[in-house]
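Novice: Residue numbers (my numbering), protein chains in the order written: chain A, 1 to 565; chain B, 1 to 239.
FYI, nobody ran anything at the bench for these hints, they're computed from the structure.
Bear in mind that the values here come from a model prediction, so they are computed numbers and not experimental data.
Virtual Cβ for every residue (Gly too), placed ideally from N, Cα, C.
Some hints could be false.
[Said to hold, decoys possible] Subject to a maximum C-alpha distance of 25 angstroms in a straight line, what follows is the list of computed DSS-like cross-link-like pairs (lysine-lysine):
| id | chain 1 | residue 1 | chain 2 | residue 2 |
| --- | --- | --- | --- | --- |
| 1 | B | Lys-28 | A | Lys-442 |
| 2 | B | Lys-132 | A | Lys-444 |
| 3 | A | Lys-269 | A | Lys-527 |
[To be verified] Not close to chain B: a few residues of chain A, all C-beta gaps over 12 angstroms, as computed:
| id | residue |
| --- | --- |
| 4 | Pro-56 |
| 5 | Asp-60 |
| 6 | Lys-65 |
| 7 | Phe-104 |
| 8 | Ser-105 |
| 9 | Asp-148 |
| 10 | Lys-269 |
| 11 | Asp-301 |
| 12 | Ala-325 |
| 13 | Val-436 |
| 14 | Arg-461 |
| 15 | Arg-462 |
| 16 | Leu-470 |
| 17 | Arg-528 |
| 18 | Gly-556 |
| 19 | Pro-560 |
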Amino acid sequence: MLAYDLLIVGGGLAGLSAALSAVPGLKVGVISKVHPLRSHSVAAQGGINAALGNHPEGADDTWEKHAFDTIKGSDYLADQDAAELLCRQAARAVYELDHWGAPFSRLAAGTIAQRPFGGAGFPRTCYAADRTGQVLLHTLYEQAVRHDITFHNEWLVTDVVVRDKVLVGLVAYDLAGGEIIPLRAKAVVFATGGYGRVYQRSTNAYINLGGGIGMAYKAGVPLKDMEFVQFHPTSLYGKNILITEGARGEGGTLVNAKGRRFMEDYAPKSMELAPRDIVARSIQTEIDKGNGFENQYVHLDLKGVGREKILKRLPAIREICLRFAGLDPIDQPIPIQPAQHYSMGGIDVDAACASRVGGFFAAGECACISVHGANRLGGNSLLEAVVFGKIAGESASRYLREGGGGAEGERDTAEATRSLVARIHSVRGRRQGANVFQLLNKLKRLMSDTAGVFREAATLRRGLEELAKLRDAYRHVFIFGTCGRYCQEMVVLVEFEHMLEIAEVILLGALKREETRGSHFRTDFPKRDDASWLKHTIVTRTDRGPEVSYRDVQVGRYAPRERVY
Amino acid sequence: MTFKILRFNPFKDEGPHFQTYRHEPKPKDSVLEALKDIRDQQDPSISFRYSCREAVCGSCGMVINGRITLACRTLVEGLGSDEVVIEPLPNFEILKDLIVDLKPFWDAYRKLEPFLHASGDVPETGHRVAEKDMDGISRYVTCILCACCTSACPVAARDGRYFGPAALAKLYRFVKDPRDERPASALERVDGPDGVWGCDLVFRCNDVCPKEVRPADGIEGLRRKVIAERSKRLFRRNT
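Chain A on its own, in the form it takes in the complex (with noise of 0.2 angstroms):
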């Protein structure tokens, strides 16, 4: 049986990292279910914030004002402590990436250049023009080259094996190889991204369906906020494509088919820049109110911005535009409407990312510690993935030096890979069924129609309801290819039914908070309730479904205030 220290699983930002800052001489791999490449940190646009004070109007920065606009921006759900460590390792993450070959743009000065974003007090975001996430993910990818780090690519994780508590195994289907492989590990480090395509509405990639977080919910840890579900406020009209918040960074104004800038009415200080759900909440009611054009989507106008920086800072942006609606952002607005973006919520896991099972750790959006709280700030998940990445990779390197993982796990890895090779087996021989793309498309919509931008306690029961219809469909869930090669509809089918547990978890989380904060509006409630509600959502799955509890937020300098914008 294959045999490591440590398995990282997810070769995004977080795993990556986490990889670069294991301890020489474990023995580490890297499981990924695409080439780490085609990762969506790949697709991140705007930057990387720290507080570098490059930027002539941000010399007065620092982290603890860094810290504090990521807790205000949380609505006050950030765990204060967990947000100060993120921030105060800020600027050598970024240095140390810069060092590594990061191509960040520069200023005249030769320093590493720096934009306005949403919520920030100063201009903090470190950019590569508007392909920050491709960068930044290359250049890791090419540390690990450099260091050799063995990869297996195109691999997807299917279960999670514990024993008495303690991390003991992976199952993995090898795609390319067509067949299911156990593989006994003392620890590991779940970094395997957020679960966007749960919703119909969203910026992630395709391949984004968040099975690692029901994974690791499946293994018996549990899951933290997972009603927080961030919707950008831009994406383009129709594909959802993301058009980055540093569009309005460098100057883009948000206008409705009345011709009115509108954001006036909502956040009249920081206008666009208000926090993200703050603005995709003030375009949806705009939208909703008959402001909106054909009912759908407001304008993004670029004009402000002017051709030389469009075509300098905002290229990618360009390019999507032209390409994909067919327009040119420099003498025309774009259509945008809100999609679902992150999620806040996640694994959960505490500052040093270990779980309550021995051996398991997580780092970046899969995981939930919390630092972004009821919403994250634009530049804080590059951020987030890289520095707890690299604490991941420390925490997991630091428990197999303390004699972690030393429990016996070959019989539990082989008989977990034996059952799910007789699962595969006997829905191979069923002769027809339901077709798991199409589950997942009725998934998709479920999710949109019920737990989106706002929520009300009578459609969250719907969803709930509507989603154990499903769960049944599951049941007789159908293969249509007989090749266990590249075999797509198997990886959807593993997946699918983690969704299934994410989807229940978000309705039940989003159900039970029955007050308002940050990403979670529920027009039943539409107040902050700090004297019943600030604490962490935390969900655990039993034989009898799943149980809800709370944790207290860790509040630390900063009493939670109204926010204002």
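Following the hints, complete the assembly by docking chain B onto the known chain A.
Specialist: Using the frame of chain A, we list chain B on its own:
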């Protein structure tokens, strides 16, 4: 509309063959979206790589009506044809349907040490790099390693040892980076027929590149560096 999709099941089929599907795409649908809809609604067994669907991850390189490109950035209506023929990238072995084995592509990339060679500790306040120097490599860092160029390259087609346009352009990206300190000897590795002198200068790579990287310009840039390095060596030997 008719979609002719190349199918190949290595465990069953003697060779690749076309399968025809009828499908009416929605306005502005990309070829990737059409493929997905055909798979979801008609034939879940079709295999193809995909991820970002916005031309930044490099997964979905294929041949569409004879043209090598990314399926996600090709709109069906832009093809101006009622028939869409979809084949896997050439120059690579087909593993299943539209999925090819890119191992030779990644091997060539790895051999040229595609990472910044910067010595010493992380500088306290970062590297100072002139704006124009960073702008000078921006085209090359836009490369997403989708392998369209290597697929289109006639040299790569006939000589498996040739590094190919993507790997060479990547090396140029680093050689041109003012932070890079790799020894000049790194250029010797590409000073031969499997390196910069292998290029036929027919610029098929520039034509097909979906990101307008123009890899051949990188190869040409490397040639100048290689010659400059040769003359430096000659000069050193003569003094």
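Novice: Just want to verify: A:Pro-560 was marked as not at the interface with chain B; is every Cβ pair farther apart than 12 angstroms?
Specialist: 35 angstroms, holds
Novice: Report holds if the minimum CB distance from A:Leu-470 to chain B is greater than 12 angstroms, and violated otherwise.
Specialist: Given a closest Cβ separation of 16 angstroms, the condition holds.
Novice: Compare the distance between the alpha carbons of B:Lys-28 and A:Lys-442 with 25 angstroms, and conclude whether the hinted pair is satisfied.
Specialist: 22 angstroms, holds
Novice: Measure nothing beyond the straight line between the CA atoms of A:Lys-269 and A:Lys-527; if it is 25 angstroms or shorter, mark the hint as holding.
Specialist: 21 angstroms, holds
Novice: Against chain B, does A:Asp-148 keep a CB gap of more than 12 angstroms to every residue?
Specialist: Incorrect as stated: the minimum Cβ-Cβ distance to chain B is 9 angstroms, not above 12 angstroms.
Novice: Can we confirm that no CB of chain B comes within 12 angstroms of the CB of A:Asp-301?
Specialist: 21 angstroms, holds
Novice: Looking at A:Arg-461 again, its CB stays over 12 angstroms from all of chain B?
Specialist: The claim stands: A:Arg-461 keeps its Cβ more than 12 angstroms from every Cβ of chain B (closest is about 29 angstroms).
Novice: Does A:Asp-60 clear chain B by more than 12 angstroms, comparing its Cβ with all Cβ atoms of that chain?
Specialist: The claim holds: A:Asp-60 sits with its nearest Cβ about 16 angstroms from chain B, beyond 12 angstroms.
Novice: Verify that the Cβ of A:Lys-269 lies farther than 12 angstroms from every Cβ atom of chain B, and report whether the claim holds or is violated.
Specialist: 32 angstroms, holds
Novice: Taking 12 angstroms as the cut and beta carbons as the points, is A:Gly-556 off the interface with chain B?
Specialist: Per Cβ check, A:Gly-556 is outside 12 angstroms of chain B; nearest 28 angstroms; holds.
Novice: Test the statement that A:Arg-462 is away from the interface with chain B: the closest C-beta pair must be farther apart than 12 angstroms.
Specialist: The assertion about A:Arg-462 holds, with a minimum of 25 angstroms to chain B.
Novice: Taking the closest pair, is the beta carbon of A:Ala-325 still more than 12 angstroms from chain B?
Specialist: 8 angstroms, violated
Violation of the numbered hints given earlier is confined to hints 2, 7, 8, 9, 12 and 13; the remaining hints are satisfied by the structure.
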